[in-house]
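With the hints as extra help, turn the sequences into a complete structure.
If you're matching positions, the sequence shown starts at 1 in my numbering and goes up one per residue.
Since the hints were derived computationally from the structure, they do not count as laboratory data.
One thing to keep in mind: the hints can contain errors.
Beta-carbon label-pair distances, calculated as ranges [to be verified]:
id, residue 1, residue 2, range
1, 92, 68, 30 to 40 Å
2, 82, 58, 27 to 37 Å
3, 80, 53, 33 to 43 Å
4, 58, 32, 30 to 40 Å
5, 52, 75, 28 to 38 Å
6, 84, 106, 24 to 34 Å
7, 75, 106, 43 to 53 Å
8, 56, 29, 38 to 48 Å
9, 75, 37, 47 to 57 Å
10, 141, 106, 44 to 54 Å
Simulated crosslink set (SDA-like; lysine to any residue; CA at most 20 Å straight-line) [as the list claims (entries may be wrong)]:
id, residue 1, residue 2
11, 109, 99
12, 116, 106
13, 38, 50
14, 109, 97
15, 116, 105
16, 116, 104
17, 38, 28
18, 38, 49
19, 109, 121
20, 109, 98
From the three backbone atoms N, C-alpha and C, an ideal C-beta is built for every residue, glycine too.
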Amino acid sequence: EQEESEAAAFNAAELAAAQSALEARQEEAEHIARAQAKERAELAEQVRLRVAAESLLEEQRMQLAALWRHREEAAVECAAEEARQEESNRRACALREEDAAADELRRRKEDDEAWKRQVAAARAQRQAQAAEEAAAEEARLEQVRWREEAVRCLDEQEAEAIARAQVEAQVMAARLAATQTEQLLAV
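What follows is the structure, encoded as structure tokens:
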């Protein structure tokens, strides 16, 4: 009985030791499991953070690309606007030059027309003066002829008639000269 009691006590002690060892291993396993779970959670958090960082980086990359694209578009638009402004300035300068040329041409034309009018007026004046001189010479010659005719005429009545005819001839010559002068001036 004592041996059995000792054996039972020994078995109980071994069982207690085994149970203690089992409990220790269970605690260690639980600790390891908790550590692994923590590691997995940390790894999952790292993965999430890395995915979020990559997503943010991609978003920033897209924003930067959009910013560069907008900048390039703005540069192109600015260059186009400068080209349009240069073209507008060139057209304005060309229009000013055309206006200046047209003004110069108009001024020259007006000067030319004024000169032509002056030449025509001088020519008409010379022609009128020549016509007047020719009419005066014709009247003088006519007077000479009538005077000679009057001298040759012995009859006083014929002389008077000749004198009247002479006056009429002078009047007609003066009218003819005036008519020619008016016609030349009208031309």
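If you test the structure against every hint from before, which numbers come out violated? When the structure is compared with the hints, none of them turns out to be violated.
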